[in-house]
Amino acid sequence: MLRFDWARWRTLTAGERNTVAQEAESVLGKLEQGKTSASAIFSLLGHKGDLMLLHYRASFAELKSAELQVAALRLWDFAAPVNSYLSVVELGLYDSSVKTYQELVARGIAPHSPEWQGEIHAVLERQREAMRTRLYPEIPPSRYLCFYPMDRKRDENKNFYTLPIEERQRQMHDHGMVGRRYAGEVKQVITGSIGFDDWEWGVDLFADDPLVFKKLIYEMRFDQVSAEYALFGSFFVGVRVPAMKLGELLSGKLPALPR
Amino acid sequence: MLRFDWARWRTLTAGERNTVAQEAESVLGKLEQGKTSASAIFSLLGHKGDLMLLHYRASFAELKSAELQVAALRLWDFAAPVNSYLSVVELGLYDSSVKTYQELVARGIAPHSPEWQGEIHAVLERQREAMRTRLYPEIPPSRYLCFYPMDRKRDENKNFYTLPIEERQRQMHDHGMVGRRYAGEVKQVITGSIGFDDWEWGVDLFADDPLVFKKLIYEMRFDQVSAEYALFGSFFVGVRVPAMKLGELLSGKLPALPR
Amino acid sequence: MLRFDWARWRTLTAGERNTVAQEAESVLGKLEQGKTSASAIFSLLGHKGDLMLLHYRASFAELKSAELQVAALRLWDFAAPVNSYLSVVELGLYDSSVKTYQELVARGIAPHSPEWQGEIHAVLERQREAMRTRLYPEIPPSRYLCFYPMDRKRDENKNFYTLPIEERQRQMHDHGMVGRRYAGEVKQVITGSIGFDDWEWGVDLFADDPLVFKKLIYEMRFDQVSAEYALFGSFFVGVRVPAMKLGELLSGKLPALPR
Amino acid sequence: MLRFDWARWRTLTAGERNTVAQEAESVLGKLEQGKTSASAIFSLLGHKGDLMLLHYRASFAELKSAELQVAALRLWDFAAPVNSYLSVVELGLYDSSVKTYQELVARGIAPHSPEWQGEIHAVLERQREAMRTRLYPEIPPSRYLCFYPMDRKRDENKNFYTLPIEERQRQMHDHGMVGRRYAGEVKQVITGSIGFDDWEWGVDLFADDPLVFKKLIYEMRFDQVSAEYALFGSFFVGVRVPAMKLGELLSGKLPALPR
Amino acid sequence: MLRFDWARWRTLTAGERNTVAQEAESVLGKLEQGKTSASAIFSLLGHKGDLMLLHYRASFAELKSAELQVAALRLWDFAAPVNSYLSVVELGLYDSSVKTYQELVARGIAPHSPEWQGEIHAVLERQREAMRTRLYPEIPPSRYLCFYPMDRKRDENKNFYTLPIEERQRQMHDHGMVGRRYAGEVKQVITGSIGFDDWEWGVDLFADDPLVFKKLIYEMRFDQVSAEYALFGSFFVGVRVPAMKLGELLSGKLPALPR
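Chains as they are written, first to last, in our numbering: chain A, 16 to 274; chain B, 16 to 274; chain C, 16 to 274; chain D, 16 to 274; chain E, 16 to 274.
One thing to keep in mind: the hints can contain errors.
Pairs involving identical chains hold if they fit within one copy or between any two copies, as the list cannot separate such chains.
Each computed PhoX-like pair below joins lysine-lysine, with the alpha-carbon atoms no more than 25 Å apart [stated by the list, open to error]:
| no. | residue 1 | residue 2 |
| --- | --- | --- |
| 1 | K230 | K168 |
| 2 | K230 | K114 |
| 3 | K268 | K45 |
| 4 | K50 | K202 |
| 5 | K229 | K114 |
| 6 | K45 | K114 |
| 7 | K168 | K50 |
| 8 | K45 | K202 |
| 9 | K173 | K50 |
Calculated from the structure, these hints are not laboratory results.
Construct the entire structure; sequences and hints are all you get.
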């Protein structure tokens with residue numbers, strides 16, 4: 016998330032602004048073209064930033080390279096980074112994990128034994144292959160984005176991490192059923208950030224009608240795993256801006272999304 | 016909420032200040048004219064900002080356009096955005112929701128079934144039509160504004176989101192009765208921001224006597240849903256300034272409100 | 016509370032500094048003259064600010080006008096507002112409130128009925144008249160000020176707002192008895208800020224010996240209402256500086272207080 | 016605590032840097048000479064500041080004067096105040112207080128009666144006289160300083176302020192015994208800041224081997240009053256720099272401490 | 016952790032940038048050469064900083080000297096320190112400590128008696144010698160670093176510091192077993208910071224595949240000492256940049272790690 020310095024921007028001549036915007040449109044336009052390794056620009060609402068750049072990449076080195084490429088733009092002279100979030104796409108695998116663990120236990124394989132590790136590894140490889148498109152998603156073309164990070168509580172009595180896996184599986188299943196009812200209206204990308212950033216998960220929601228973000232999250236707030244165990248960070252809402260229309264945005268006009 | 020840079024402002028000549036103020040008066044004056052899609056300016060008390068802009072709009076795209084229009088003012092060169100709040104007007108519908116749910120259950124309709132969803136959708140549509148003026152309110156012409164965001168607690172034992180809906184309905188009803196006693200003195204606009212901003216609700220109070228803000232909120236603090244379940248963010252108090260008097264304010268004089 | 020930019024201040028010539036200081040002395044000197052509508056300047060200790068301006072005013076509009084008058088000073092070019100607190104003087108009326116409520120109940124008057132509201136209103140009017148000097152206090156001429164904001168806790172088990180009024184009355188009475196023992200050494204002005212600022216109350220203590228602040232607040236920390244229910248914000252300690260000696264302060268010398 | 020602007024500092028010529036450093040060495044050198052009213056300079060580790068000034072003074076007015084004297088240095092143009100702590104030296108008097116209270120009670124003297132107050136006052140006066148060197152300590156000549164502020168908890172169940180004084184005395188006694196085992200290696204100065212700053216106490220530890228700070232505080236963390244009732248603020252660690260070697264430090268070299 | 020000012024950097028000519036980068040490469044290159052007293056540079060992901068400098072040193076004075084050496088670089092004119100962490104390498108010695116304490120108790124030696132202290136001192140000396148390479152580690156040559164600080168909870172019921180040492184030993188043992196399963200993929204350096212910085216421990220993880228950070232920390236979150244007693248600060252992830260490739264990084268290209 017970047018804050019844009021409108022005052023300094025206006026000290027440029029129209030020609031200079033044009034040159035700076037065209038460079039940014041060209042570079043960001045190319046980053047936008049990738050499929051599973053693409054970037055997208057959003058115009059944020061409110062004071063938390065003017066622009067939000069979303070970079071989906073296959074590795075942290077590629078991600079850092081994208082950051083460096085953007086910092087090299089002359090546009091960056093007018094942009095101050097005020098926030099960011101680092102995470103990797105994560106699939107909800109409670110059902111399959113519980114099933115796998117139960118099978119291994121039933122077969123008498125000791126947890127963490129070489130055989131156990133080998134079986135788990137094989138299952139994960141099969142899943143990675145089968146779910147490749149969900150693990151490396153494209154950025155949905157929706158007009159609005161809602162991003163927020165979250166944790167599961169570890170309070171004295173309500174501690175998600177001390178619940179048995181079957182109970183976590185049950186709660187996450189109920190939680191997922193709410194999301195499923197909104198499948199046609201909202202596209203969710205759940206990412207995990209334990210070890211990478213200050214919250215445990217990051218949630219990207221994409222929709223053409225932003226009111227759906229509120230309906231979905233409000234309804235979820237009453238399911239057990241959210242009501243009792245969820246902690247939320249800041250919420251960020253942005254409007255998608257095609258890279259080629261960045262100049263239009265910087266001239267003070269919210270570009271329409273081509274359909 | 017914006018902080019105004021008085022020192023830089025004073026580096027302008029009187030003529031330049033006049034030009035900048037007139038542009039702002041003209042643009043903000045037009046934004047002020049809308050009925051259900053209007054803006055208003057407030058002069059904030061204290062260090063939390065000098066100006067507060069209130070934008071009521073029908074969509075997030077229109078809201079972002081208003082932000083861009085304001086950022087395009089030369090006045091913006093002297094203003095730093097320090098806070099904001101993004102939310103949508105929300106009506107308290109516990110009574111009607113509980114009634115609707117009870118009727119549907121009594122008629123044997125399964126929750127979340129297509130029939131259930133259809134009935135809920137029809138009820139919401141009828142309400143939206145009937146309450147259009149409350150959903151798209153005009154900004155009251157009062158002299159003072161009090162804004163604050165709030166949450167309902169999700170603590171280990173006191174968790175609003177795990178209460179049965181009938182209990183939440185009862186507590187919200189009692190809470191509403193306090194507000195009703197102040198109906199003649201305070202105009203409330205309640206907005207929901209789950210999924211949009213860092214708190215769950217935003218409250219706008221409008222009054223000609225700001226002492227009433229304190230009386231109302233103090234009295235409410237003792238009703239059960241506030242005493243046990245409310246969490247409050249920062250409070251912002253401002254004095255309404257008509258757009259056409261912005262220049263007067265920027266010359267260091269608090270304009271009177273035309274009556 | 017303002018941070019003063021000593022480095023920029025020193026870029027002025029001695030003559031310019033004199034002009035800026037004299038303007039500030041003159042304007043602040045007039046604001047200082049009011050009785051119940053006066054301002055005072057304090058030199059703060061530590062990094063939380065260099066100057067603290069205390070404005071006692073009869074209305075928020077007058078308060079905002081005072082803020083604008085100060086922001087119009089050339090001195091303001093060297094001052095950054097870093098903190099503030101907005102509140103109204105409040106008298107501790109538990110004893111009289113409980114007595115009034117009990118009488119009304121004894122007379123069979125229903126709470127919140129028009130008759131009840133009329134009686135309460137009449138009592139408050141009589142009190143306001145009788146306590147006018149306490150409601151509109153002058154700023155004591157003491158050398159030191161201690162300011163801090165505070166809340167009453169609303170925790171899961173310790174919740175001040177769910178205690179019966181008689182219990183709150185009893186605890187506040189004991190609390191007041193501690194303060195009374197310091198009456199000769201400390202002048203207290205208690206203000207309420209529910210609906211106005213981020214804490215529920217603001218406390219101004221005035222004394223000629225600042226050690227008394229610590230003794231008083233330490234002793235109070237053991238009375239029940241403080242030990243169990245008080246939450247404290249930041250503490251600010253300042254030395255009174257007469258407006259006419261502001262130039263002396265800005266030349267790097269702490270002025271003596273005329274006696 | 017001050018952040019030093021190395022970039023701006025390097026814009027000066029060597030001669031200018033010399034002049035600025037010599038002025039600071041001279042003024043701070045004099046402040047350093049006092050015995051019980053002295054100042055000391057530390058070079059802080061990490062990003063929390065580059066310099067820390069420690070001012071021991073007999074009154075807040077003298078302290079403010081020291082602050083103003085430092086702010087008047089040309090060196091101050093390169094220094095931004097980022098933190099501070101205001102407190103007074105405090106002696107642990109639980110043992111003597113409990114003894115005094117018990118004696119007064121045994122003699123039938125009513126708490127807070129004039130006689131009680133007189134006796135307490137007399138005891139305090141005798142103590143102040145007897146402990147003058149501990150109340151007005153010199154700054155130890157050790158190479159390292161560790162400073163941190165702390166509170167005693169007032170949680171719902173673990174509330175230090177609701178414990179009987181005899182229990183607090185017992186816990187503080189055990190706590191003190193740990194400190195006593197480090198007496199030869201660490202010099203502690205405990206200060207009280209209730210009513211003065213945002214935490215209740217400030218702790219200055221002085222040692223020639225900074226590892227001892229960790230050993231002492233780690234061992235203390237297991238005594239009851241720390242394990243159950245202590246809350247800690249930020250920790251600051253600095254290396255003592257004699258005033259006359261400030262120029263050496265500002266040339267990028269950590270000066271040795273003369274022995 | 017440093018934020019790099021790309022906009023100011025670009026105001027330099029290519030030649031000036033080259034000179035500044037070469038000076039930094041030369042100085043940091045030397046600091047990089049030490050074995051147990053070395054520094055390393057990481058390019059951070061996200062907005063928490065652009066660069067992270069890791070300094071392993073034998074004393075705080077040497078550490079401060081390293082800080083001063085870096086602040087003296089012309090590169091520092093483009094770098095703002097935004098974070099830091101001060102700590103010392105710490106070995107997990109629960110097993111040996113419990114064994115030693117039990118032996119001393121069995122031999123009838125009173126805790127904290129001179130004999131006890133002497134025995135403990137002798138054991139620690141033997142351990143320090145035996146574990147010299149772990150106490151003074153080299154910086155691993157891995158491509159990725161994950162750093163985070165952490166605390167053990169001291170809540171009302173879940174308080175790590177009131178558990179018996181045998182229970183802490185047991186939990187830490189289980190915790191260590193998880194880490195051991197990742198020994199081939201992650202190198203951990205645990206440091207203690209009680210008395211030095213704002214959290215109790217700092218954790219450095221080094222790996223060539225950063226996904227392993229997430230796997231390890233996620234798995235650990237379910238062991239008892241983490242699930243119930245761990246509090247985490249911010250997480251920082253960086254890519255190693257050899258000092259001699261700093262100029263390449265500052266030209267906007269992420270350098271490869273020589274293998």
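**Message:** If the cut is 25 Å between Cα atoms, do K268 and K45 qualify within a copy, between copies, both or neither?
**Reply:** both (22 Å within a copy, 17 Å between copies)
**Asked** Quick one: K230 to K168, C-alpha cut-off 25 Å, is that within a copy, between copies, both, or neither?
**Response** both (23 Å within a copy, 19 Å between copies)
**Request:** With 25 Å as the alpha-carbon cut-off, assign the pair K50 and K202 to within, between, both or neither.
**Result:** within (16 Å within a copy, 35 Å between copies)
**Request:** If the cutoff is 25 Å on CA atoms, where do K168 and K50 land: within, between, both or neither? Let me know, please.
**Result:** neither (35 Å within a copy, 42 Å between copies)
**Asked** Using 25 Å as the alpha-carbon threshold, which applies to K229 and K114: within, between, both, or neither?
**Response** between (34 Å within a copy, 23 Å between copies)
**Item:** Alpha-carbon proximity between K230 and K114, which holds within one copy, between copies, both or neither at 25 Å
**Value:** Between copies, since 20 Å is at most 25 Å while 32 Å is not.
**Prompt:** How do K173 and K50 come out at 25 Å by Cα distance, when the copy is not named: within, between, both, or neither?
**Reply:** neither (41 Å within a copy, 46 Å between copies)
**Prompt:** Can you tell me if K45 and K114 fall within 25 Å by alpha carbon in one copy, between copies, both or neither?
**Reply:** This pair counts as neither: shortest intra-copy Cα distance 43 Å, inter-copy 54 Å.
**Prompt:** Can you tell me if K45 and K202 fall within 25 Å by alpha carbon in one copy, between copies, both or neither?
**Reply:** Close inside one copy (24 Å), not across copies (38 Å); limit 25 Å.
Violated hints, listed in ascending order, are 6, 7 and 9; each of the other numbered hints is respected by the structure.
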